[in-house]
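Trainee: Chain residues, written in single-letter form:
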Amino acid sequence: MSRYLRPAARLAATARTSALRPATASPFLSRAAVIPGVQRRTYADASGVKEYTVRDALNEALAEELEQNDKVFILGEEVAQYNGAYKVTKNLLDRFGEKRVIDTPITESGFAGLAIGAALSGLHPVCEFMTWNFAMQAIDQIVNSAAKTLYMSGGIQPCNITFRGPNGFAAGVGAQHSQDFSAWYGSIPGLKVVSPWSAEDAKGLLKAAIRDPNPVVVLENELMYGQSFPMSAEAQKDDFVIPFGKAKIERSGKDLTLVTLSRCVGQSLVAAENLKKKYGVDVEVINLRSIKPLDIETIIKSLKKTHRLMAVESGFPAFGVSAEILALTMEYGFDYLDAPAARVTGADVPTPYAQGLEEMSFPTEGTIEQQAVKLLRL
Amino acid sequence: MFSRATRLTRTLPVRVAAARASPVTASLARRTVTTNAASAQVDKSSVPQSEDEPFHVTLSDESFETYELDPPPYQLEVTKKQLKQMYKDMVVVRQMEMAADRLYKEKKIRGFCHLSTGQEAVAVGIEHAINKSDDVITSYRCHGFAYMRGGTVRSIIGELLGRREGIAYGKGGSMHMFAKGFYGGNGIVGAQVPVGAGLAFAQKYTGGKKATIILYGDGASNQGQVFEAFNMAKLWKLPALFGCENNKYGMGTSAARSSALTDYYKRGQYIPGLKVNGMDVLAVKAAVQYGKQWTEEDNGPLVLEYVTYRYGGHSMSDPGTTYRTREEIQRMRSTNDPIAGLKQHILDWGVAQEDELKNIDKEARSFVNEEVAAAEAMAVPEATPKILYEDIYVRGSEPDFIRGRILDENYYFKQ
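Residue numbers (UniProt numbering), protein chains in the order written: chain A, 1 to 378; chain B, 1 to 415.
FYI, nobody ran anything at the bench for these hints, they're computed from the structure.
Bear in mind that the values here come from a model prediction, so they are computed numbers and not experimental data.
Here a beta-carbon is modelled for each residue, glycine too, at the ideal position from N, C-alpha and C.
A few of these clues could be false.
[What the hints assert, rightly or not] Part of the chain B face toward chain A, derived, beta carbon under 10 Å:
{"id": "1", "residue": "Pro-54"}
{"id": "2", "residue": "Phe-55"}
{"id": "3", "residue": "Glu-159"}
{"id": "4", "residue": "Ile-167"}
{"id": "5", "residue": "Val-394"}
{"id": "6", "residue": "Gly-396"}
[As the list claims (entries may be wrong)] Here are the simulated EDC-like pairs of lysine to aspartate or glutamate, each with C-alpha atoms no more than 20 Å apart in a straight line:
{"id": "7", "chain 1": "B", "residue 1": "Lys-237", "chain 2": "A", "residue 2": "Glu-358"}
{"id": "8", "chain 1": "B", "residue 1": "Lys-414", "chain 2": "B", "residue 2": "Glu-376"}
{"id": "9", "chain 1": "A", "residue 1": "Lys-99", "chain 2": "B", "residue 2": "Glu-296"}
{"id": "10", "chain 1": "B", "residue 1": "Lys-234", "chain 2": "A", "residue 2": "Glu-324"}
{"id": "11", "chain 1": "A", "residue 1": "Lys-99", "chain 2": "B", "residue 2": "Asp-298"}
{"id": "12", "chain 1": "B", "residue 1": "Lys-44", "chain 2": "B", "residue 2": "Glu-77"}
[Unchecked claim] Short, incomplete list of chain A residues facing chain B, as computed with Cβ under 8 Å:
{"id": "13", "residue": "Tyr-82"}
{"id": "14", "residue": "Ala-115"}
{"id": "15", "residue": "Met-152"}
{"id": "16", "residue": "Gly-155"}
{"id": "17", "residue": "Gln-371"}
Taking the hints into account, I'd like the entire structure generated from these sequences.
Mentor: Dropping the structure here:
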């Protein structure tokens, strides 16, 4: 079983034992102890892997970047005294003070614009939207004031800003709070857009976003905040960043390429395990990590191996991330396809409140599995 | 400090005086601040011989109207040299705009082109009140500001002509010009206001004692985000000098047809306001100097209103005559022109002789003509992928490639 699918309880136990290990253990020695083929749990223990929730990973990323650069500050609704609506900014006010952790009024267009102005002036703001749904009030500022200014100025006016917050649907919050904006921001020249899945993704991508001199949109996922993942010793360091535009192969396989992002990565991994168990097929799962730029190279390389491709995402189907991936697959990889590429997306419906209906609106492990079975003619 | 009673005693005499002086003024109560561009006075015997020796100008008591604020001093210190420089700056801005007008009609300028003819005193007066280290951000009617912030005429005209050596390398066009301390040139009406508040925020954050001049039109003043910016600026005491350039019309909709309260200087509600004669460059300078001092003393933001007038249409495609009368335009041009007003002062006060001003006019005209010629001689950006795709992202931080119209046109940064 993949290390990503271990029950949280077992992971917690792992983390506890690793935490008890003497801090002086040389990371070099630990690395030397890694033997290929040995169970990952051993590897994890030996190399100081700890369990992190995505929330903690984001929090650590923010704290480290605030620590390292005075120009970095975070502003948004309830980020300071309330400790963050989703507690991502917990304790940051206590640690860095109200100059650098700033509660704003509920005024998205205003504070996004203000943050952009501060970025144009040379600061490196992290602008939190309580959810990306509310950022629609500010999307003009993100697109017109942040993304386009460098180009419009002929390269003389950069805008180093990070916009972040939870994206996509949550549980039972209704239509206005359940939208995925990956395709929206992914279509804008001048923006970089990332969407983390695991704790390592979250930390590495957010830190890279804050350091990147361009405007970066970080699309987190509320349903992932509380999920735990093992975090490697390397990722726990304060200089850990994940480069943009590089996808990660979370599970390798030879029969089908699943290209996915954010929460759907976990679902795809479960579906892949089920497909292995039931049908003995090996599914490769690619975690995009970065939406813009998009790592088409990794996708096509995988396709050349598996000859079949399926995109999985939770956004609305029309003109979405999956549509883009399928189009690119046809453009770059048509000759390698043994079957038409397929996609699993959210349904074309405003998200309903009732649980049963909500479940029908977004990909589940079952939907992914079902579509894969169909594609592979199992 | 800001009690209603105090405010009334301050503002009342001006209004009463105005009403007494002319019943016509009283009927135009919406614009009680004068737009007379030559209303200041000087004791002629106090004008020194030397170009650099300061003397005092007394502004008309109708230069300002205030809201919850003591008016700026009506005495303004100037030198002959400064007055002549202001005159020259306004003449250059006007000549530049007239050149743009001509080039547009010759079909050499593409797209939108919004000219500020008639509004020169605002851009020039502001620049003469602040330092290069202060920040300015404005709307799309930005040519005069770009010039006053240090952009050259040739780079501005070059940009309008879409040339490689234009101020934004031919990437921005008429509405998007940037320079040191000048943050555009913004095309989305009102969006620059919270961005400007962010510039002020950064000043406060870094502890620099600077002022931020944030400009928007009377049309933009009804955008919600303007009020969002006001709120945060007041809440956090940002050194922001919001300024509504009230030229009476947002495109073709008059202030009275768009705004429930046309006293734009009062629209900060909890922010003190200052209405200024925006046709008088000296009043603008006095007001902004006062505002700069106000923000430097950590008093928080101000909302200014520069009462001004645009002679031309909203943009080049608008003749500007369907929503206002030709007589109105003619009256403003002939009686309230900022350049003619300052010229009259300079002559009356013996700051310079007519010949010298004529010389300035002539020099400005030939200077702008030369700059326009230089701009026309500039090369257009080479139509190559390298130039098309540069500066979408900060150099060195680009993705591996940018997609073109077809796959074959994809541009890889590492060749």
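Trainee: Compare the structure with each hint and give your call.
Mentor: Status of the hints after comparison with the structure:
Given the 10 Å rule on beta carbons, the hint for Pro-54 (chain B) is violated: about 33 Å separates it from the nearest Cβ of chain A. This hint is violated: Phe-55 (chain B) has a C-beta 37 Å from the nearest C-beta of chain A, more than the 10 Å allowed. Interface restraint check: Glu-159 (chain B) against chain A, minimum CB-CB distance 9 Å, threshold 10 Å, status holds. Because the smallest distance between the Cβ of Ile-167 (chain B) and any Cβ of chain A comes to about 8 Å, under 10 Å, the interface hint for this residue holds.
At about 4 Å, the closest approach between the beta carbon of Val-394 (chain B) and any beta carbon in chain A falls short of 10 Å, and the interface hint on this residue holds. Proximity of Gly-396 (chain B) to chain A holds as hinted, the smallest CB-CB distance being about 8 Å (cut-off 10 Å). Restraint check for Lys-237 (chain B) and Glu-358 (chain A): the C-alpha separation of about 45 Å exceeds 20 Å, so the hint is violated. Between the alpha carbons of Lys-414 (chain B) and Glu-376 (chain B) the distance comes to roughly 34 Å, so the proposed pair goes past 20 Å and is violated.
At roughly 19 Å between alpha-carbon atoms, Lys-99 (chain A) and Glu-296 (chain B) fall within 20 Å of each other, so this suggested pair holds. Annotation: proposed proximity of Lys-234 (chain B) to Glu-324 (chain A) is violated, straight-line Cα distance about 45 Å (limit 20 Å). Our distance criterion of 20 Å between C-alpha atoms is met by Lys-99 (chain A) and Asp-298 (chain B), whose separation comes to about 16 Å. Under the criterion of a C-alpha separation no larger than 20 Å, the hint pairing Lys-44 (chain B) with Glu-77 (chain B) is consistent with the structure, at around 14 Å.
Proximity of Tyr-82 (chain A) to chain B is violated relative to the hint, the smallest CB-CB distance being about 17 Å (cut-off 8 Å). For the restraint placing Ala-115 (chain A) at the interface with chain B, the shortest Cβ-Cβ distance is roughly 6 Å, inside the 8 Å limit, so the hint holds. A least Cβ separation of about 4 Å between Met-152 (chain A) and chain B falls short of the 8 Å threshold, and the interface hint therefore holds. For Gly-155 (chain A), the interface hint holds, the least distance from its beta-carbon to any beta-carbon of chain B being 3 Å, beneath 8 Å.
About 28 Å separates the beta-carbon of Gln-371 (chain A) from the nearest beta-carbon of chain B, more than 8 Å, and the hint is not met.
Against the hints set out earlier in the document, violations occur for numbers 1, 2, 7, 8, 10, 13 and 17.
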